[in-house]
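Line order of the protein sequences matches chains A and B.
Residue numbers for the first sequence follow our numbering, beginning at 1 and rising by one.
Residue numbers for the second sequence follow our numbering, beginning at 1001 and rising by one.
Source of the hints: derived by calculation from the structure; they are not laboratory data.
Treat each hint with caution, since some may be false.
Where chain B lies over chain A, by a calculated footprint (3+ residues, C-beta under 8 Å) [said to hold, decoys possible]:
{"no.": "1", "segment": "6-19"}
{"no.": "2", "segment": "37-43"}
{"no.": "3", "segment": "50-62"}
{"no.": "4", "segment": "105-113"}
{"no.": "5", "segment": "150-159"}
Being a predicted model, the structure only gives us computed values, none of them experimental.
The beta-carbon is built from N, C-alpha and C at its ideal position, and this holds for glycine as well.
So you can see what is in the structure, the chains are spelled out below.
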Amino acid sequence: MTPERFSRQLEQFFGADARFADKGGAQWEVRIPRDRCLPLLSFCRDHSFVHLAFVSAIDWIAEDEIELVYHLWSYEHRVHVLVKTRLEREKPWMFTAFRLWGHAQAYEQEIHEMMGVYFLGNPDLSSLFLHNWKDRPPLRKDFDSRAYSLKAYTLSGLGLAPEDEEDANVPS
Amino acid sequence: MYLPDGYTTLDKLREAGEMAEYDLFFGPNHPGMHGNFGYVLTMIGTEIVRVRPNAGLLHRGFEKAMEGKAWAANVSLIPRVCVPDPDPNEVAYCQAVEKLLGCEVPIRGRFMRSITLELSRLGSLYMGMGGLAGALGHYSTMYLMMIERDMILDRFEALTGARIYHIYNVPGGVRNDTPVGWLDSVSGLLDHIEAQMPEYDRLLYENHVVWDRLSGMGPITAEEAMASGITGPALRATGVKADIRVDAPYAAYPEVEVNIPTSGGGDALARAVQVRLDFAESVRILRQLIARIPAGPVHADLGNLAKLKVPAGDAYSKVESSKGEFGYYVISDGGEKPYRVSVRGPSLPAGLYLCHQHLPGMKIDDVAAWMASFAICPPDIDR
């Protein structure tokens, strides 16, 4: 399949919603609004992009958006497609891709935990890694891991510091 | 909690109140568990009813930490994403950075990458086969294979100064050329490995305990494997001829002949056999690489790597590791540090998703062997 043919097919089905770009090196990129993202993923899967490698999430804090990137691979055409969609940063949500690829459930569970994106229809969004977490999602850009460590893992942060300042971080 | 579609006889027994359920923590305290990971198994007797992956015991926040380090400094962090097979991580990350920089790695540098990747694969496959033997109670096979792996680590020590985390790759190529006589010592090691392999075949592959235990365990069809993100030997064990070294060639693989072996069946036995076939092919590739390696520089000149700036953009690069696809999705905003690095590990689809399909109905004794057959390496789930 050539990039021209794929972009023509995309245009037939999705019109101006899907913005196609050839990144070179057998990597293509499609940008799509959230509402049409799931139909696009389904379209890709039916057009030989059967392997969902993984899903990544990026916090574009300056633009106040969270971006989801679905990485698809076609064994037949040997092409990698990045399907990108942008969500609002405040309370982001997305439809689950669990019915298309079972293992998307685990990636979405992780993104929910680390980036705070809610996936509508995902059967299990419980915490995998974080225990009793009350702070903001840790992969967000405004989460300061150093400040959190000082607060959560030092005696002074926990309010247990001894009188002598020098020994403040040495467990007794 | 996510429940599998299947409804077993155990569910009936439980509903009839004839057997009581209990939770068993199959975690890092179990010698068959691979790394600091756990499954919480809901059991009836010795059979598993439900499973809940208990990840996070090893989570070190690599993706977050990488956002705070210089481009080249991240290479020291990255091999820790997969302990037994660290080099694919370094290469995938460096290739993604090179893609953004638009820089070409010199041919000798690409050969050195392929050679270290294949050596790392051999070391990891020894650990995988040994781990499988250990999970089935064949401890001597495991210890013998670890001796062979140590010999590979000796070669890494001579080349890079480190045994486990080599930190050999840098954006633009590899850190240093080979010491005098190093390639000959690798050739000698390959002779030794090939001479030893029939012994291990007798111990592991011609052993009917191994065949009986592994046949039919965790079966998966080619369609299921492709639809659930399974890659590498586990995918090839279902008969699919897919290997990134051929499908999306990188490093020096276009310069050598790579014949992807496949097997069929899709159960744990097929996966174990596939690993053995991959091993033989890897030795063959290494011999070609050593015979054909040209002279020349091993890295491109990118100036002071500590102050490397990468043009804004995003790139995905992937490498065929001993367990499957290792991918790095790297995003730059044009600064001295990555804006975001997202890691695709080969263990997550089986470790967090297929476990719900395969483990219910299985005996507790088979969990470690099932994990070893999928080469589940928890550090890339907990990254």
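Here's how the hints hold up against the structure:
1. 6-19: violated (count 0)
2. 37-43: violated (count 0)
3. 50-62: Satisfied; 9 residues make the cut.
4. 105-113: Answer holds; 4 residues pass the 8 Å Cβ test.
5. 150-159: violated (count 0)
Hints 1, 2, 5 from the earlier list are contradicted by this structure; the remaining hints agree with it.
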